[in-house]
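Q: Protein sequences appear in the order of chains A and B.
If you count the first sequence from 1, you need to add 4 to reach my numbering.
If you count the second sequence from 1, you need to add 39 to reach my numbering.
A couple of the hints might just be wrong.
Stated by the list, open to error - To give a feel for the contact side, a few chain A residues facing chain B, derived at Cβ under 7 Å:
no., residue
1, A212
2, L219
3, Y225
4, T356
5, L360
Said to hold, decoys possible - Selected chain A positions facing chain B (in silico; Cβ < 7 Å):
no., residue
6, L215
7, L364
8, L434
As the list claims (entries may be wrong) - Label pairs and their computed distance ranges (CB to CB):
no., chain 1, residue 1, chain 2, residue 2, range
9, A, L9, B, T99, 29 to 37 Å
10, A, F79, B, G59, 46 to 54 Å
11, A, A393, B, T99, 46 to 54 Å
12, A, H337, B, V63, 50 to 58 Å
13, B, V56, A, R253, 25 to 33 Å
14, B, T99, A, R144, 20 to 28 Å
15, B, R161, A, A145, 16 to 24 Å
16, B, G59, A, L379, 29 to 37 Å
17, B, T99, A, A13, 34 to 42 Å
Rather than coming from a laboratory, the hints here were simulated on the basis of the structure.
In this text, a Cβ means the ideal position worked out from N, Cα and C, and glycines have one as well.
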Amino acid sequence: VRAVLGAIAGLAVILAAGLACLDRCRKDDRSPGLDDLGVAYALGAAAVSVLMFWAAWLGHASPWPVLAPVLLVVFASPRRWIELGRAWRASIDRWTLVAALALALLMAVNVVLTRPSWPGVDGVAIWGFKARVALRGEIRASLVDPSRPWSHPEYPWLVPLIEAWFELVSGTRTESAGRVAQMGFHAATLLLVFGGLRRSVSLAWSIAGTLALGLLPSFVYWSTFEDADVAIGLAWAGSVIHLHRWLARGARSDALLAALLAVVAAWTKREGVVALALQGACFLAVAVHSRRIGPVLPIAIATLVVLTPWWLVISSCDVVPRDFLPVRIENAHLDRLPWIPILVGRELLSVTHWALLWPLVAVALPLRWKERPLLPRLYLVTSATAPLAILSGTYVFSTWPIWYEHVRNSFERLALQQAPVAVFFVTMTLAAPRSFMGAPGGRDVKKVILLVLGVLCGVYSLAQGAYLVLMLMGRAESNSTRLTASAGILCLALGVTLTLFKAALRAPGPPPGGAVGPSNKA
Amino acid sequence: VLGVTRRTRIVTVFPAVALGAHLVLGARGSVEAIHERHAAADAPVTPAYRELLEGIAVETSTAARVLVLTPDASTRYLYRAFLASSVLFPRTVVWGAVDPSTSEVAWSVRVADVRALVASERIDVTVFDHTREEPTSGALAIDKKAPGVRIVR
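Isolated chain B, as found in the complex (with noise of 0.2 Å):
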């Protein structure tokens, strides 16, 4: 008899719980991924950036091939990147980096020399987010300085 109401107990009991203790749990784990998408809450394009894409867009035919290059492959640029090819959709855009390395997935190809690439990528014109070409050896460098973005036709 012991055991029938112990049991009866623990049916009428545990749904309860099990349902109260994931409520509790998935309450605290809900804030804190609020936290983490507030703290990726950055908006890593500005309206000046993607007016910039959309200048490119109206002046340019849709032949062109385009050129975009940023520091690292970060998500930050990744973002960056990616817009710039769907606005520029459907001309060629190829994402150069001075070190790709940070993306799990490697859609950037890493630049030594920026004169060479635009070359052999027959490229017409060439977003520096960021970055900057050394004069002397051509090499792609990092810029930080502010609004980060020039075109060179």
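The following block holds chain A by itself, in its conformation from the complex (with noise of 0.2 Å):
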């Protein structure tokens, strides 16, 4: 009884302490929605986890050093808490509500059918360890322990921390109390992507598309796993939702949500900072655009107070990733390139892992080609494919002596990162078909489709041009038949690209006059 009620109150605290700084970051008119919860999972886990890790840093290992600001924000302001609630019961109707439940259900479904409490490798040797090292107060102890290089000491603390913590409210000593934390991504993430997914599309479309991504094989099956890759994806996904509300709508608050997600992400894990470049990347770009240093300044000051001081503390304690050499052109295998979207797109067109997901992605690129306005369009496509693409570029500084069986272990968890923002992009682009398909300029869809494919098959061909260039100097391991093979596909790849090219540029352009697309639909 004890351990139910400690983990009700630890996930009651969590929502208190994201729905506060959520509260604190929207100040326009915004009705809250589900997906509002969603957003005060991850940011309560991040200041729940930060506040956690100074007081462990100091040597202290109680929930007070948590509890005292949470408590403390939440009895300052009572009457703010009654209008939110009103505004909740306002905002939510019947059908929405019926769809939480749903949700709740399927859920629930997923964590009785998988009840085991096997929390996976990662969950014993990753986060557990460092769960339980936190809870004796002797972080600084296991980055320096050179005898645990399994334990990742470079990742950071926001999974092991928010496990810590269930473990502190309920009593228990075991990974099982991550498993709580665990279920809460779970959920926090569907019900991102649904009230993310509701604010724009209709009901029947934002259940289709939670149903899309709870019924995924991967995201069920690492769910049951304690691991950092839901919790990242839910981070990741908030963050891409709300810049791309911003730069449709321009509502100060979502630029500072987007942020704060963004910094969140890198500090669930190390593929984090892909995400938290990509959006510092677009906030500086459209600085530089307005002339303005103020959309940048919320993810500059963000990360300056929640990420610097633990990369001070991992370069402060020298430790070095295990997995990867350092990202030096010297370093770089670049004889793996061909390989890689080979690995990478094998895995993808998995069916038993993704069903339809990235061939639906694929086909959405080209429909969302002719989205406006320019910017919400460009910056979707971007998040839904570039992170995938340089997280698969990492492999070229892979140490594993087989490195393509890191690839196998290790890249379905990345794609599981991306998936909510895939299903999003998906749903957004599948719910408005006419706007992108039935518009006057339709057949220019057909010149979009083949040149991305051209450039596919000429980033291929270059790939696989480097690799022979490699091969011929003696850098890469070859024979006779693989040079042979290799000249072959090269040939063949060129072939395609050119067939490609010159087929786009023979596909009729749009009539004069233009396609529309939905303006702000997006």
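Bring the two chains, given one by one in their own frames, into a single complex with the hints.
A: Here it is in structure tokens:
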């Protein structure tokens, strides 16, 4: 009973902290929605883990460093909480409530069906280990311990400290507490996607989109382990949805939330740095375009406050990542480049892992091409594809002796981090197909599809050419069969590329007057 | 006119069909994923094993060096060895196995002679997890007896 009550209390504190952050960030008149609960869980988990980290760093392993500020915020403005409650009641219609209950049921079925205590190897060796260490106030000792490199000392602390938080409040001392946190991330992601879609598309499409994520085999499978990939997926999706909304609507609160959630992604797992860099680049582009420093400030300040101290800590402890070499050109195994797209493509086309998600992303890309205005369209296309491309490229720095085993072992989880954004992107596109395909310039879509395919084939040809050159220079393992096969594949890829470009140039362009996409629908 | 009508139909039907197919395939894949998860749900750690490790943590100093010996480096024993290392932190934990080749990443050492390893690694506590030391040769052998864990100090 204590464990259950403790878990409920732990969840309540995380949500209270998150809702307080959300309320401080959002000063516009936007009505609350279910996506706010997802955002609140991510923000609350980040706030709780940051407080716990510094308390544990100073040797304090008690709930009070978290409880005291949260209770202070909650009881400092009770009237504000009553107002928020009223706004919630007014904004949620009956069908949204039914959809929320259905989501809860979907998650409960998932939890009941996959009840095992086995949290996965990473759940013990990385996240569980870090939670144990934090509860004993030995974070620094764990960072400088050379005998446990498998614990990934360079990984940030959101997930283990949320597990430690649930252990503290529920009184359990096993990894099962991590499962509660994981369930929270799972539910929050579904709520975020549902609520985010509900603000832009119909209820039916919102439910279909949420089910497309909730029934994704990889999402179902990995949600039952104790891992950080669902958590980072939540933060990244929240950041993308808010930044896209900011670009389309211009409300400052959306920019602020996008910045905070990008920082949360980087505080969840190392891959989050890619998300942070992409969002930072987007803010910077807007700042340069508008000649104002304002858009960059939230992400810069949040990075400075939350992440910089952590980066200073790991650099002072000489923590070196074990799985990857430092990102320098001389460390890059460029001979892997032609193989990475094949391995990655094979994973993304695996119906047993992803059903049709990634093929649908590929289909949605050219459809999205015609959307207006330009900036939100470009941003959504980039955020749905660029992180996965960048993360795939990092395997050229893999230190694994059999590097493709590294891809096989980890790429599914990297793709899982991007899955909520991919589902959001696909649903947003498919929900308004007439605007994209049925417009007067519909034939332009064919041209764009051919061009996109041509560029993809061209990139592959370049990689294959680089591999051939490396083999000829003796910098990659080669024999006559490999050389012949590689040269043959290169000729074929170049031929396909040229054919695609030729066909694209021949395809009829849009008629005079052009196509009109949905203005601010997305 | 015929072309436009066909295209309009495709535009109307395609999104629903695509997402419907995704949902059907996803639901089937999810059921398979849950089955797969059940198959791996053999709870590799018992409360007794956890208690035993916590006992060592209480009884030994933080400077102690612990050796965990397992039959192989399969996921089941990987989990048990990592848990030992986690519970016994900050003590140094060395993991040895009769046959460590089952693991994709080499975290354990192949043990030919237990006594030699104990001496070279200056081990204070040895945990024989489903293993035993051959009395004559000192070699590590698999022991399938329950409960399977024995501590030598």
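Q: Decide, hint by hint, whether the structure agrees.
A: Verification of the hints:
no.: 1; hint: A212; in the structure: 5 Å, holds
no.: 2; hint: L219; in the structure: 4 Å, holds
no.: 3; hint: Y225; in the structure: 4 Å, holds
no.: 4; hint: T356; in the structure: 5 Å, holds
no.: 5; hint: L360; in the structure: 4 Å, holds
no.: 6; hint: L215; in the structure: 6 Å, holds
no.: 7; hint: L364; in the structure: 6 Å, holds
no.: 8; hint: L434; in the structure: 4 Å, holds
no.: 9; hint: A/L9 with B/T99: 29 to 37 Å; in the structure: 35 Å, holds
no.: 10; hint: A/F79 with B/G59: 46 to 54 Å; in the structure: 49 Å, holds
no.: 11; hint: A/A393 with B/T99: 46 to 54 Å; in the structure: 50 Å, holds
no.: 12; hint: A/H337 with B/V63: 50 to 58 Å; in the structure: 40 Å, violated
no.: 13; hint: B/V56 with A/R253: 25 to 33 Å; in the structure: 32 Å, holds
no.: 14; hint: B/T99 with A/R144: 20 to 28 Å; in the structure: 22 Å, holds
no.: 15; hint: B/R161 with A/A145: 16 to 24 Å; in the structure: 20 Å, holds
no.: 16; hint: B/G59 with A/L379: 29 to 37 Å; in the structure: 32 Å, holds
no.: 17; hint: B/T99 with A/A13: 34 to 42 Å; in the structure: 35 Å, holds
Hint check: a violation occurs at hint 12 only; the rest are consistent with the structure.
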